[in-house]
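**Student:** These are the residues of each chain, in order.
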Amino acid sequence: GAVVSQHPSWVICKSGTSVKIECRSLDFQATTMFWYRQFPKQSLMLMATSNEGSKATYEQGVEKDKFLINHASLTLSTLTVTSAHPEDSSFYICSAMPGDRVNTEAFFGQGTRLTVV
Amino acid sequence: DAKTTQPNSMESNEEEPVHLPCNHSTISGTDYIHWYRQLPSQGPEYVIHGLTSNVNNRMASLAIAEDRKSSTLILHRATLRDAAVYYCILSLIQGAQKLVFGQGTRLTINP
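As given, the protein sequences belong to chains C and Y, one line each in that order.
Counting in the numbering used here, the first sequence runs without a single skipped number right up to 100 at its last residue.
Counting in the numbering used here, the second sequence runs without a single skipped number right up to 128 at its last residue.
Take these hints with a grain of salt, some might be off.
The calculated lysine to aspartate or glutamate pairs, modelled on DMTMM-like cross-linking and capped at a C-alpha distance of 20 Å, are [what the hints assert, rightly or not]:
(1) 20(Y) x 88(C)
(2) 24(C) x 84(Y)
(3) 38(C) x 5(C)
(4) 24(C) x 48(Y)
Calculated from the model, a selection of chain C residues having no Cβ within reach of chain Y, i.e. all distances over 12 Å [what the hints assert, rightly or not]:
(5) -13
(6) -6
(7) 0
(8) 1
(9) 10
(10) 42
(11) 46
(12) 48
(13) 55
(14) 61
(15) 66
(16) 69
(17) 96
(18) 99
(19) 100
Honestly, the hints are just simulated from the structure, not real lab data.
Glycine included, each C-beta is placed from N, C-alpha and C at the ideal position.
Bound conformation, chain C alone (with noise of 0.2 Å):
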């Protein structure tokens, strides 16, 4: 089946420092993905959309400047945590849907569990 797949697995950075978390989407393209938070204990918070060509649009209450998205390309697209805090730790995964497609099933990256210090 198709496949997400993010890297890295997981990061520990320092306070200050900004992370940058990669999504691709191996065996189809994606004009969309979509970028999501949980943390422990938790469900999955939907973060923002990304959008291939264009600005993502980010879910109320996510700050933008912090969490930089860019979807360059039809099968890639980046999270940036700018300046992280440790309350930004967290499990972050992206997930996308073939383009082509209406109402299939969502692939979702195995997540990445950043840690700040």
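Following the hints, put chain Y in place on chain C, whose structure we already have.
**Tutor:** Just chain Y now, kept in the frame of chain C:
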């Protein structure tokens, strides 16, 4: 946005059927019902989805009420590997078809 309601947790025994309920009383006529599950420290995994008719695949069955205000995910013979959080989600057909997750049901399977 139409929301879903699921029990926080359920427990079942290995090799027995499991029925996971989901209420979605405010579902609109064009909302699809999706089920995903998430194992610990992994991204969610697609299980099944449907619109009006019951659906079957190799993983599970989806029974949709006639008025579409509720649905039930059926695992016919649970294994220990089915222990996960199961999410019932209504797809929002707004161009990008984003999925908004509720709290889900944590399914425990006893050996």
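**Student:** Each of the hints needs a verdict: does it hold here or not?
**Tutor:** Hints, one by one, checked against the model:
Between residue 20(Y) and residue 88(C) the alpha-carbon distance is near 19 Å, which keeps this suggested pair within the 20 Å criterion. As the CA atoms of residue 24(C) and residue 84(Y) are separated by approximately 33 Å, the hinted pair breaks the 20 Å bound. A threshold of 20 Å between alpha carbons decides the hint, and for residue 38(C) with residue 5(C) the separation of about 17 Å falls inside it, so the pair holds. With a C-alpha separation of about 28 Å, the suggested pair residue 24(C) and residue 48(Y) falls outside the 20 Å cut-off, and the hint is violated.
Interface exclusion of residue -13(C) from chain Y breaks down, the closest Cβ pair being 8 Å apart, not more than 12 Å. With a minimum CB-CB distance of about 14 Å to chain Y, residue -6(C) clears the 12 Å threshold, and the non-interface call stands. Once the 12 Å rule is applied to beta carbons, residue 0(C) is consistent with being away from chain Y; the minimum gap is 24 Å. With a minimum CB-CB distance of about 23 Å to chain Y, residue 1(C) clears the 12 Å threshold, and the non-interface call stands.
Consistency note on residue 10(C): stated as away from chain Y, and its beta-carbon is indeed over 12 Å from all of that chain's, at 15 Å minimum. A beta-carbon of chain Y comes within 12 Å of the beta-carbon of residue 42(C); the shortest separation is about 9 Å. The beta carbon of residue 46(C) is kept farther than 12 Å from every beta carbon of chain Y, the shortest such distance being approximately 19 Å. Its beta-carbon lying about 22 Å from the closest one in chain Y, residue 48(C) satisfies the requirement of being farther than 12 Å from that chain.
Residue-level check passed: residue 55(C) sits 18 Å from the nearest beta carbon of chain Y, beyond 12 Å. No Cβ of chain Y approaches the Cβ of residue 61(C) within 12 Å, the least distance being about 17 Å, so the stated non-interface status holds. For residue 66(C), the condition that its CB be more than 12 Å from all CB atoms of chain Y holds, with the nearest at approximately 26 Å. No beta-carbon of chain Y comes within 12 Å of the beta-carbon of residue 69(C); the shortest separation is about 20 Å.
For residue 96(C), the condition that its CB be more than 12 Å from all CB atoms of chain Y is violated, with the nearest at approximately 8 Å. With a least CB separation of 18 Å from chain Y, residue 99(C) remains clear of the 12 Å interface cut-off, as annotated. With 12 Å as the threshold on Cβ separation, the claim that residue 100(C) sits away from chain Y holds: the shortest Cβ distance comes to roughly 19 Å.
In the structure shown, a violation is registered for the earlier hints numbered 2, 4, 5, 10, 17, in ascending order.
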